Amino acid sequence: MAWYIFRRFLQMIPVFFGATFMVYFLVFSLPGDPIQALFGDRAVSPAVAAQLREQYNLDEPFLVQYFLYLKNLVTFNLGNDFSGRPVAEVLAQVFPVTIRLAVLALVFEAVFGIIFGVIAGLRKGKFFDGTILVASLVVIAIPIFVLGFVLQFLVGVKLGWAKPTVGAEAGWSDLLLPAMVLGLVSLAYVIRLTRTSIIENMNADYVRTATAKGLSRPRVVVVHILRNSMIPVVTFLGADLGALMGGAIVTEGIFNVPGVGQRLYQSVLRGEGPTIVSIVSVLILVYILANLAVDVLYAWLDPRIRYA
Amino acid sequence: MRFARTSKLVGLAAMAALVLSACGGGGGTGGGDGADASAVITANSTEPQNPLVPTNTNEVGGGRVVDLIFEGLISYDASGAPVNEVAESIETTDSQNYTITLKPDQTFTNGDPVTASSFVDAWNYGAAAENAQLSQYFFESIAGYEEVSAEDSKENEMSGLKVVDDRTFTVKLAQPESDWPLRLGYTAFSPLPEVAFEDMESFGENPVGNGPYMLAGEGAWQHDVQIELVPNPDYQGTRTPQNEGITFKFYSGFEAAYQDLLANNLDLLDTIPPSSLKNFKTDLGEGRYLEKPYAGNQTITIPTYLDEWSGEAGELRRKAISLAINRPEITEVIFSGGRQPATEFTAPVIDGYSEEIEGNEVLEFNPEKARELWAQADEIDPWGDKVFTISYNSDGGHKEWIDAVANSIKNELGIEAQGKPYATFAEVREVATSKTLEGALRTGWQADYPSLYNFLGPLFGTGAGSNDGDYSSKEFDSKLREGLSAASPEEGFSAFNEAQEILLQDLPAVPLWYQVRQVGWSESVDNVDTAWNGVPVYHEITRK
Amino acid sequence: MPDYRKDDIEHYVAPLEETPLQATDKVAEDVQPLSLWAEAWRNLRRQPLFIVSALLILLIIVVALFPGLFTQTAPNANCQLANSDGGPAPGHPLGFTVQGCDVYARLIYGTQASLTVGIFATLGALLVGGLLGATAGFYGGWLDSVIARIGDVFFALPLILGAIIIMQLPFFRENRNVWTVVITLVVFGWPQVARITRGAVISVRNADFVTAARSLGVSRAAALVRHVIPNSLAPVIVVATVNLGIFIVAEATLSFLGIGLPPDVMSWGNDISAAQVSLRSNPSTLLWPAAALSVTVLSFIMLGDALRDALDPKARKR
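Quick mapping for you: the protein sequence lines, in order, are chains L, Y and C.
Heads up: the first sequence is residues 1 to 308, going by full-length UniProt numbering.
Heads up: the second sequence is residues 1 to 544, going by full-length UniProt numbering.
Heads up: the third sequence is residues 1 to 318, going by full-length UniProt numbering.
Hints listed in this document are in silico derivations from the structure and should not be mistaken for laboratory results.
The structure presented is a predicted model; accordingly, all values stated were derived computationally and were not measured.
Be aware that one or more of the hints could be misleading.
Stated by the list, open to error - When the alpha-carbon atoms are kept at most 25 angstroms apart in a straight line, the in silico DSS-like pairs for lysine-lysine are as follows:
id : chain 1 : residue 1 : chain 2 : residue 2
1  : Y       : K172      : Y       : K154
2  : Y       : K103      : Y       : K292
3  : L       : K158      : Y       : K410
4  : Y       : K278      : Y       : K292
5  : Y       : K172      : Y       : K162
6  : Y       : K292      : L       : K158
7  : Y       : K410      : Y       : K386
8  : Y       : K386      : Y       : K369
9  : L       : K158      : Y       : K278
To be verified - Derived DEER-like restraints, expressed as beta-carbon distance ranges:
id : chain 1 : residue 1 : chain 2 : residue 2 : range
10 : L       : I115      : Y       : S434      : 54 to 62 angstroms
11 : Y       : S434      : C       : V62       : 41 to 49 angstroms
12 : C       : L169      : Y       : S434      : 13 to 21 angstroms
13 : C       : I51       : L       : A299      : 48 to 56 angstroms
14 : C       : P230      : L       : R53       : 32 to 40 angstroms
Even for Gly, the Cβ is constructed at its ideal location relative to N, Cα and C.
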């Protein structure tokens with residue numbers, strides 16, 4: 001297992017270079033001229049534009065730009081964004097709040113998703129199962145900006161239970177509502193995955209054996225059925241952590257959280273190469289680590305799974 | 001300023017909730033400020049996109065801060081009339097050579113005196129190519145600009161600027177321009193203290209100015225969160241602060257700010273988001289909102305370089321399009337009355353504006369006439385089954401009105417018409433400046449300084465920087481020159497309005513409506529008003 | 001010597017002929033053996049859940065193919081602002097949108113684009129992600145590493161960045177239609193399906209029945225196709241059915257940004273995102289397309305449930 005984990009870490013190196021290269025190339029191919037956009041609708045002075053292009057290496061061919069980026073990276077210099085702020089400083093600001101937000105959302109969807117999924121699975125076709133199905137449909141069909149907006153209006157403005165918007169230094173408790181909104185769609189996935197797995201495993205031989213041994217129902221459900229049903233759920237959750245971090249654009253907008261999703265979106269619109277590449281690289285690391293954790297969990301959940 | 005990009009109409013849409021020029025937001029920590037007993041006002045804004053250097057600030061987020069911490073030669077009163085601030089007098093006899101005298105004993109907040117060199121050095125800095133300042137073109141009228149602004153130019157002093165003594169300097173323009181003194185209230189013309197030139201970048205983080213406010217110490221600008229301003233105790237100008245400071249909280253969209261306003265977490269919101277346009281008056285109640293026109297307009301530019309839009313047929317078609325747009329209905333329904341149908345190319349709050357420019361009936365809604373002109377054009381050059389498109393950037397909140405305009409044209413002219421969204425502002429600008437538009441383009445103008453010329457010259461002058469439609473008319477150009485060289489701004493008005501008659505005839509752009517600022521405020525503040533340019537008059541706001 | 005004939009043997013158990021065992025063990029040799037899929041199909045068509053969902057889907061498909069049967073109103077021809085946000089009127093049963101277009105007609109005509117995007121993006125992601133995921137999970141080793149890491153990179157790419165670029169490719173720019181949207185969604189949607197499939201396959205590949213099949217001489221590829229994949233389908237079906245709804249909504253986001261469908265193509269997603277400005281003044285313009293989307297997703301979720309039940313001999317009701 002240790003060798004397996006070590007190998008997985010080694011894999012990060014080619015992935016990192018491949019990914020940064022690809023992302024840099026995509027940014028390079030973005031349509032439109034970011035320097036021109038800095039001037040708005042106003043007249044573009046050619047001299048100023050040329051000066052700025054040189055400053056951000058935008059006048060170089062693609063490979064040179066990429067090489068310069070890598071060269072700076074070695075010295076831990078991630079470059080500057082168009083407003084002159086070091087990208088490293090930007091990363092240090094956006095990631096902490098987003099990590100808090102994503103972790104809370106993940107906990108929310110995991111806890112409620114599994115609980116609701118188990119109950120729905122055990123009482124398949126009953127009232128609770130139906131209610132959960134309808135609730136999932138609502139979450140899928142009504143876009144997050146509507147749900148978020150409504151929740152924000154009710155909880156934040158009408159009831160005054162929470163602040164309608166949270167800022168960069170938002171604490172865990174401030175982030176509860178945004179995290180709930182962020183985790184809603186994934187919650188639907190987790191519930192349905194758990195429910196199906198439970199139904200699949202309910203009639204398995206080992207469950208009958210366990211019941212026949214006289215084990216209590218809760219013990220059978222939690223230890224035997226649940227543990228064996230967790231593989232798809234854990235897979236989903238592992239992959240979702242990264243998605244929650246990079247894809248929280250709408251939720252972060254609703255609650256005014258200056259996080260990764262927002263920043264990434266703004267940078268794409270502005271064509272800020274160094275910022276995009278740096279953020280995406282960190283996200284890829286998150287994906288790789290989360291997936292590694294998931295694979296290790298597989299072996300724990302099902303001892304038959306072995307890695308060489 | 002780059003208002004068009006940071007449109008006021010940002011949708012609640014998944015993506016439109018994010019203004020392009022806003023970078024994230026913040027303000028959670030200051031959340032309780034709104035209900036605080038202190039007389040600090042919290043207002044919405046966006047993260048400034050550049051260090052706070054006057055000549056490098058061309059968007060709203062940075063612009064309103066720079067405007068409050070610097071004081072130029074003149075400022076504008078609420079109606080847009082110039083008021084002398086640092087200037088004691090600005091004199092000219094020929095509209096080309098100006099002598100500017102400063103008031104005595106003016107200082108920056110670090111104690112340095114404001115001298116003639118503070119202005120001359122700052123302007124030279126802004127114009128010199130090597131400094132790559134975004135507002136460079138504001139200095140284009142000054143003699144010697146050509147030399148210092150050229151690519152790779154090492155020259156960094158404009159020959160037209162001469163310091164006479166500490167309180168006097170002279171300006172020579174490349175040609176006579178009667179409205180030039182009017183521009184001097186724009187932030188790009190602010191003075192800079194000597195310390196700025198030592199390290200402009202770090203100066204931009206903690207700027208030292210001479211305006212009614214100053215930054216509340218080092219680190220008052222928390223990136224992506226807020227910027228705190230406190231009154232400048234030594235301020236001597238006319239914009240005396242009536243509150244104990246302003247904290248601008250940065251928001252990525254107006255929706256979130258509106259919710260904060262409702263929850264009394266924010267004192268002032270300068271734009272009502274589209275989803276609340278129909279409700280904000282009841283949400284806030286009487287006495288907590290304001291609707292006031294300002295110096296901005298919305299237009300669609302139809303490029304004259306396209307075959308179907310050139311020549312006589314093109315002219316007839318442009319008129320038909322204009323006549324087919326039901327401006328009163330669209331402003332009423334889409335904006336809940338928050339816009340005024342346009343009758344010319346500038347804005348009603350500008351001095352010299354006239355409602356009765358000859359030929360402005362082409363901006364009225366007249367479907368019969370529209371169909372008639374369209375049919376005439378079809379006889380000359382058949383339209384066929386082409387689609388009329390209006391290109392726009394999807395992140396600016398324009399979709400609703402573009403769709404409405406397209407429907408109006410479609411219904412009245414019986415042709416296919418639709419919006420054509422581009423994902424990024426950069427993309428749509430590139431299409432516009434490379435002259436590769438395939439149809440119409442959403443355009444709009446926000447005055448930099450209160451002058452008719454500012455709405456005409458930069459947009460429709462031959463070869464002008466923002467002339468997206470590539471319009472060119474010798475007659476129009478000469479009318480502009482005539483207006484500029486008039487002995488006084490007032491005498492220029494009639495020439496500019498005659499120039500507009502030519503525009504109404506050629507219709508290189510179709511004026512749609514004038515912008516109206518809709519502002520809302522919390523229960524705990526008072527005396528909110530907006531200026532000629534739609535920016536709230538921050539220094540006058542008081543806490544109840 | 002006593003003659004121990006069979007008559008003399010005392011029977012302590014019932015004679016073999018009299019037990020039901022024989023019937024149980026009896027193999028009907030004259031009947032064609034049923035494959036897993038055929039058996040699943042036999043089970044499927046008896047389930048009420050399947051019948052209901054299939055009928056619903058059929059109805060939705062008919063609406064998508066022949067919208068003209070369901071409404072006489074041309075959806076885009078006469079949008080009058082005078083009707084903006086208007087309530088139901090004769091001939092316009094669901095009222096009007098902000099732009100004054102008929103909500104019902106747009107709903108009917110929007111079915112085609114939405115359903116096409118939903119179904120084909122889901123199928124595409126299922127095919128690409130399922131195949132790659134199953135291969136990665138079953139064979140493991142370097143193949144797994146390569147596929148998983150490529151998936152990581154695609155996963156981490158912001159959809160909007162990728163979509164803007166894809167839409168710039170000459171082929172896509174000139175042929176903007178539902179298929180370009182489908183391809184974009186598949187390109188960014190497959191890694192999720194791949195991961196779920198991989199996880200499910202890993203959990204099944206060491207199961208006893210796979211080992212049994214392998215020791216009976218079944219090749220690895222055959223074991224994967226015949227035994228592992230059918231037994232790993234349940235979570236994949238779940239993810240795919242939920243994705244269907246998510247993709248339909250994602251189309252709206254892309255279209256809104258100008259990198260999805262052309263503006264004159266109607267879709268539920270478009271209407272949902274256009275309705276947000278009237279969220280407070282006229283929420284019904286949002287609710288109708290959202291309801292149509294819900295019903296579609298519901299019928300596919302039911303179909304998925306039925307399919308899963310049919311494929312799983314253990315969960316089958318006896």
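| task | Check each numbered hint from earlier against the structure, then list the numbers of those it violates in ascending order. | result | Those not satisfied are hints 2, 3, 6, 13 and 14.
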